[in-house]
Amino acid sequence: MSALQQYGILFALTLGSIGFVLSLYALARAIGRNRAEPGKDVPATAGSLSRDPVWVRYHARFGGYALLFLAFDMEMAFMYPWSVVYRQEGLVALLDMGVFLAILFLGLLYGWSQGALRRQ
Amino acid sequence: MFGARQSTPVALFAPLRRLVAGAMARDLRALVVPGADVALAAGLDLAAAGLALAEGPRQANVLLVILPLPAAMLKAASVAYAQMPRPRAVLVLGEGEITPLPEADATGAASQEGLEKAVATLRRAFAEGAFATEVSDFDAPALQTRIEYTCPMHPEVVSDEPGNCPKCGMNLVEAGGDGGHEHHHAAAQYTCPMHPEVVSDEPGNCPKCGMNLVEAEGDGGHEHHHAAAQYTCPMHPEVVSDEPGNCPKCGMNLVEAGGDGGDGHHDHAHHQHHGQDGEDAQVGWLERIEPGFMSMIELTEGTPRSSDGLQMEWIDVPFGPLFPGLPGGLTLDLTLDGDTVAGVQVGSAVAEDWALPDGGLDPDTFVAALGVQMRLSPVSYRLLACRALQAAAGITPLPDEDMLHDGALARERLAERLLWLAQMGRQLGLPRIESRAAGLSRAIREAAPSEIDALRGPLSGLVESLRKTPFLARRLRGIGRLDDQGVWSGPGGAGSDAATRLTARLDGVMADLAELKRAGGISTPQTPDVTGVGGHGHATVETARGPAHLHLELSAGRIVSASLDTPSNRHLPLVETVTCQAELADALVAVASLDLSPWEVRA
Amino acid sequence: MSTLILVLFLLLGTYFVAVIEEWSVTGRLRPAGPVRAALRLLGTESVLARKPDRLFFEVAPVLLLVAAILSLAIIPLAPGLIVTDLATGALFFNAALAYVLVALIMGGWGPDGAYAMIGGWRFLGQLIGYAMLVVMPITAVAMRSESLSTVVIVQSQEQLWNILYQPLGFVLFALAGMAMAFVPPFDLPTGAGDLAGGVEAEYTGVRRLVFRLGRMVLILSVASAMTVFYLGGWLGPVLPGWAWSAIKILVVTALMLAAGRALPRVREASFLAWCWKLGIPLALVNIFLVGVLVLVVPL
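As you go down the protein sequences, you meet chains A, B and C in turn.
Residue 106 is where the first sequence ends in my numbering, and the numbering goes up by one at each step.
Residue 605 is where the second sequence ends in my numbering, and the numbering goes up by one at each step.
Residue 865 is where the third sequence ends in my numbering, and the numbering goes up by one at each step.
Some hints here could point you the wrong way.
[Claimed, not checked] With beta-carbon atoms standing in for the labels, derived distance ranges:
{"hint": "1", "chain 1": "C", "residue 1": "Trp840", "chain 2": "B", "residue 2": "Asn173", "range": "37 to 47 angstroms"}
{"hint": "2", "chain 1": "C", "residue 1": "Leu621", "chain 2": "A", "residue 2": "Phe91", "range": "38 to 48 angstroms"}
{"hint": "3", "chain 1": "A", "residue 1": "Arg15", "chain 2": "B", "residue 2": "Pro70", "range": "37 to 47 angstroms"}
To be clear, the hints were calculated from the coordinates, so they are not data collected in a lab.
Note that the Cβ used here is the ideal one computed from N, Cα and C, for glycine as well.
Model the full assembly from the supplied sequences, consistent with the hints where possible.
Take a look at the structure:
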């Protein structure tokens, strides 16, 4: 099977899943109707009617982790192809990646020492 | 069924609807009003009766109401009912008024037997009436509060829903009815936090240092607080500065270190958020900028400042009175900065004002009323009232009888500690602990002296497994730490945190068992005969939450004044201490670790 | 024929996961439970919050289900019994499940409800913790098999399962996988005691049904991945390959959900700290150890 065919199958799977969901929705619609009533459409907050909008800029407290995560995530893009050819390349590959990872790891340690690895 | 769902007219789907209705009848999810803890205290085993606990109104199809309830709680119940998706039903246990809720679909006595009968009725109601061709709306006064939203730039745009202005896309803000906005705004002055001599009518930057000008108000505004504040490095406490800036050692931002701890910070923060100041500042700058021009600095102007100095928008979120992780009836309104608690307001939806009627109350009614109000610990408070009456009338209790009453007290204390454990298990996601503790709590509450011995094994087993639960102590350590000279009188003592309070309660379980053994028997107190007697009396009983005191004045056999001091009422202000600047989950654990009973709170 | 078997696997697998999941919450094994719950949700109103972000709200449950189903497409149940044997299968698994985060954030943001929104953002924090611990152990697995194809990965374990070859990687991957499927004790975005349902809080009726389905398929998918990457997939004596796959997947699911029953929900701050201060250094050590092993002991 060519790669294109394989992705074709995955695409069909996606469409099939969406079709399944849509048919569920259609079935649910056929069973009964929704009724708009006072208060029903307000997001539930444990018995208090809270109409305040909550779409605000959210204060994430993991900023330090997030920055380190970006660095590590980029590095992973190299790790996949490297891991596949690792056995062929042998010790050289281990050393190459070792240097690369060591630098990254030093970055982690530096971030840690600067207090990036905590809730801000 | 009033809460039936409107069916479609297509007859083809009628069999499917019957199938669905049958499934619903076998899969009931209940939202308990006032809370699962009260159901447990009433001796109800919901799972055995075929009711699963719902996480919130959206997941429930049964509203289980345990009466009697005060009006505030029924109002919350009506909101929750309105938010339940149809088909939905109301199941009422006990006697009392349920307006504004609709008529009950099933009723029963507040006992396991009554519950099981009512559930059977409810199942039939679901199977037969989950769908109806004609349904009518549910409405209640609590659902009628209308807030209008308007655009700060275009006052002609008025909507009853928040959202964006159709003309300029800006967020609509709540419209105040009194028009105080403009007036207030005109009076506002802006000043630089670093250079108090710089005063401007308009927001903007300081000509000397370029910092944002802040609103200068006499009533506790931003800069007022700042002027008095000191700044310190979070990593190097020895670095203290009068001005904000960076730490000379590590370069981190200095944070505010007020002598009044987080308290002052919170007050000011809360004020900024709730009061008119914050909103007005927003309106102020909004009126001055060109539409379409929004720089980040100006966008954040007037929004509250977090502990790390970032300006963020905060939201008010109610947790309660029907929140699954907290005691039913406790209302916790958190101001959240991201997932961090920046402010808190705590109260009770089931509180009474404890006022005696004119002319006093006869002792029997008083004792009974106290027992009904203190829903989670009726025996303790009945005993408290009886002992205070005895003291007032100068009756010396028989030592033997007193021992037996102590037995009843210890038994209820044990049941209460287990009830708290069940709730903690629910909050922390430990279903096994939850169900074991709940089962034992139910069994202990009504257990005869002869049955206690049989429960000794399972009880120490539960205590052991809690001590051995991996990561539990670590999960609780450091959360909700109380300072040493606080008002805390519950388990663990001053300076305790959630972990030590858990340990103290587990020790309490074993101590209560020992006391039950010492008492040798159990007898519930009877109101003493105080006909025609006058005098003062004071009594104290040790409940699971701490000591409760009652001072009574008798005149001619009637109670003319009573002053009750309950542990939960004393501990309520501690909620602010333990939640301030805590992460949301930690804050909720901290509040739960205080073991507050909203029934003991004075309105 | 194989398509039919795979669909059957998906349906049965989801059903069993749902039964075990109900057991992990209520302590009761009720074979009819999931069917009843599904029918109940199908017949319940699906409430739309006032002024929602309609697109986000509608897309989230579908996206969760589709992402989970797609990630299952690279799971081989037996030789030849696989939807697509992608050359980049292990990478694809990771890529598909990256959308779990997107789905949860969309679902949290959509209804404009506080509990849901906080739940969604919390999961972002959780991803920052677990993501590296999913990826790094998979790399070590691929180092041994010299391929990202899941079929080759299973074949590479013929002599020794990866759980023995690289136990450290298995532990890390198992924990990270649980966090990815947000099962207890990593159910920060949906915890009942913290957020009264969190991201799921505003979903009712059929939308909730789809969300729950997605959740079950996700758990199934993570359990399958653990089986394929570490437990030798279909490998095993006597029984046919698909039977071994099914048994292993079920056992892994049960263990995963049973562990959550006994542990308190983690705190986000300590989860992140554990992941970065201990997990990632250990994952790097794992890669190094496997690197040496692969060169020294060519199994």
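Okay, the hints, checked on the actual structure:
1. Roughly 39 angstroms separates the CB atoms of tryptophan 840 of chain C and asparagine 173 of chain B, a value that falls within the hinted 37 to 47 angstroms.
2. With their beta carbons about 41 angstroms apart, leucine 621 of chain C and phenylalanine 91 of chain A fall inside the hinted range of 38 to 48 angstroms.
3. Distance hint check: the CB atoms of arginine 15 of chain A and proline 70 of chain B are about 41 angstroms apart, consistent with the given range 37 to 47 angstroms.
The structure meets every hint from the earlier list without exception.
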